[in-house]
Amino acid sequence: MTAVYVIAKMITFPAAALRAFWEHCLLKIMKEPVEGTAYLSLNELCGHVEHRLLAGAGRNLLFCALPGLLNLILAVPLVMADAGNLFILGAGMRNLQTGLISPLFFVYILFYWLGASLLCNLFPLYEDAMHLLDVSSNAKGIKKVPLWALARVIYAGAFLERHGINVLIAAMVTVTAYILK
Amino acid sequence: MLRTRVKWYGAVAALVFAALAALAVCVLVVTGPAVRDVRAGDAFSASKRLYDAYDAYDTAGRYLLQRGAVYGEKFPNLGWFGLGAKVWEKTLDVYARTESAADAGGIASEVFDSSVLKSGKLGFTNTYLEAKTAFDQVTSAFSDMMSGYEEAARGDIPYDDFIGELELMAAGKNVYHAAYVEYYKATLMQYVYPEELEKSLPMLEKMTELLPEEYPLYMQTLAALAVSSGDWDRFLEESDKLISLNLNNIKAYQGKAEALIALERFDEAAEACEELNTYNPGCPAYYAAMIKLKIKSGDTQGARQFYDGGETAMATAQNVFSQYLAQSKDISRADRSVFFQSIDFVIAKTAFLMLMDDDWSLAYDMMYNDAFYPAYYYAYLTGDRSLLAQRLIDLTYICAIGSNNEEGLEELKSLAQASGAVTLFEKGELTAEEIIIDGKGGLF
Chain A
1 MTAVYVIAKM ITFPAAALRA FWEHCLLKIM KEPVEGTAYL SLNELCGHVE HRLLAGAGRN
61 LLFCALPGLL NLILAVPLVM ADAGNLFILG AGMRNLQTGL ISPLFFVYIL FYWLGASLLC
121 NLFPLYEDAM HLLDVSSNAK GIKKVPLWAL ARVIYAGAFL ERHGINVLIA AMVTVTAYIL
181 K
Chain B
1001 MLRTRVKWYG AVAALVFAAL AALAVCVLVV TGPAVRDVRA GDAFSASKRL YDAYDAYDTA
1061 GRYLLQRGAV YGEKFPNLGW FGLGAKVWEK TLDVYARTES AADAGGIASE VFDSSVLKSG
1121 KLGFTNTYLE AKTAFDQVTS AFSDMMSGYE EAARGDIPYD DFIGELELMA AGKNVYHAAY
1181 VEYYKATLMQ YVYPEELEKS LPMLEKMTEL LPEEYPLYMQ TLAALAVSSG DWDRFLEESD
1241 KLISLNLNNI KAYQGKAEAL IALERFDEAA EACEELNTYN PGCPAYYAAM IKLKIKSGDT
1301 QGARQFYDGG ETAMATAQNV FSQYLAQSKD ISRADRSVFF QSIDFVIAKT AFLMLMDDDW
1361 SLAYDMMYND AFYPAYYYAY LTGDRSLLAQ RLIDLTYICA IGSNNEEGLE ELKSLAQASG
1421 AVTLFEKGEL TAEEIIIDGK GGLF
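Those protein sequences? They're chains A and B, same order as listed. Counting from 1, one number per residue, gives the positions in the first sequence under the numbering used here. Counting from 1001, one number per residue, gives the positions in the second sequence under the numbering used here.
To be clear, the hints were calculated from the coordinates, so they are not data collected in a lab. Bear in mind the structure is a predicted one, so any value in this text is a computation, not a measurement. Some hints here could point you the wrong way.
With a Cα cut of at most 25 Å, we get these calculated DSS-like pairs of lysine-lysine [what the hints assert, rightly or not]: (1) B:Lys1440 with B:Lys1427; (2) B:Lys1118 with B:Lys1090; (3) B:Lys1007 with A:Lys31; (4) B:Lys1007 with A:Lys28.
Given the sequences, and given the hints that come with them, work out the whole structure.
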């Protein structure tokens, strides 16, 4: 399973490295010790940084959600710009009216890969997500409900990422959009 | 505690991603309107509003071409923004369904470079190009056939020989040849035997079966037969069929409304007009049809509320006319349609003024400046005389008589029909009410 995970992370390596960078920055801000700093190591930590499990529901949620949120913010314009041009306007390598090479086509392809990569790196390491699930179960008071819901969403996302299913979904969406465009 | 530094490439990745996201926002701003138009076109197409769909695709294409031209000035060897093959396929499909496959072929050969057409990406255009080739070949053969008979009496035309020659043209060729051969057989039949229109119907039926979008001649024939027989059922049935295929088919709505007015089924005519306005909001044809309906149903005062209704559209029509005068080739089909409809609207407004019988000068000015003059110059500039119909000239002339406009009478005398409604009105044997409400003289 690790091989599938590493392959998925390597396909989306710029966004995986970026997610690890956000995690690293966040751990430093939270003054938490970081044990392994290779962002793209060829093991189950690829795209994440090694650290001790965090204490407290709020800190855990922040660590699990914020890096993904930053990736999502960067992904939205990238995906929207190229999906509109590639799949709705059907932009191709050549401008059909002039027959000239369209440089923007290559930009759209790059955008699409980067945007999809970012969307494939929204969730934390599976172990962090499981820890958040445990912590959220012990939460008390009014914050328990939103924390419980968010923890489950994050857990589900981390599960998909762990098995490379998110990359598979992205590929299927791309093929479907290309066929239907 | 382990103190670690963040990796430099992580920071670089963050900066690069932020820069690319900003660039993506710029791309979104530039191409976003075109994306929105294409999506709107898809929605219109799905809801059978085919003219709106075409206009939306056309707007997207024009916008992208305009944006591309800006960058093209700096980098002339690169193709910037453009519509993809799939969008072009949808655009030409809509055009073929609303105009004709041959016209769609005309657009394809005009817009695309021949090397691109042969590249295979635009394989869908082959059908339209075949239709265009067939139309050009059959039209050219028909013109050659008729070239020696311009001055001949209709009876001198060797009808059977020509029909035989036309049928030979269709043998072994594709469906488009067959369809256009039927079209010209019907045209020839109607020209040689104008009193026996019904005999051309089987040919026209076969033609519309092969090329459903080539219905105008078929509908004109059905309308002419309905006028002579008073039986509008078939015409109404076919109109409903056309409307169900394209809710933007303004001509089909107009035909249906006119038929219902002729049958004095005014409520149903009003329903048809309202439906026309629902799917084509604010179009001049709606106001023209409503004025006519109110006048014909005896509610002349009711016509007044629609008199000023199409002013916005009229301003657009005048703007389009200015573009024609400036010989602009960049007039969209939507604008052209508004311009054409505006002529009908002016005729309806003039009819209202004629009935009021209080301002013949205004009626003449309006008819001359907003209908005759634009139609005359349109015919002069484009060679298409469809707008400059005889009834338009005659109505303008009648307004000149009513307003005692010597200059107008002098100018139009040679063009106006020296018989029928014009002569009878001049002699005082026909009143404006008889021409407009009773339809005497065949002008209204």
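We went through each hint and held it up to the structure:
1. B:Lys1440 with B:Lys1427: Roughly 15 Å between the alpha carbons, so the hint for Lys1440 of chain B and Lys1427 of chain B holds.
2. B:Lys1118 with B:Lys1090: holds (19 Å)
3. B:Lys1007 with A:Lys31: holds (17 Å)
4. B:Lys1007 with A:Lys28: holds (12 Å)
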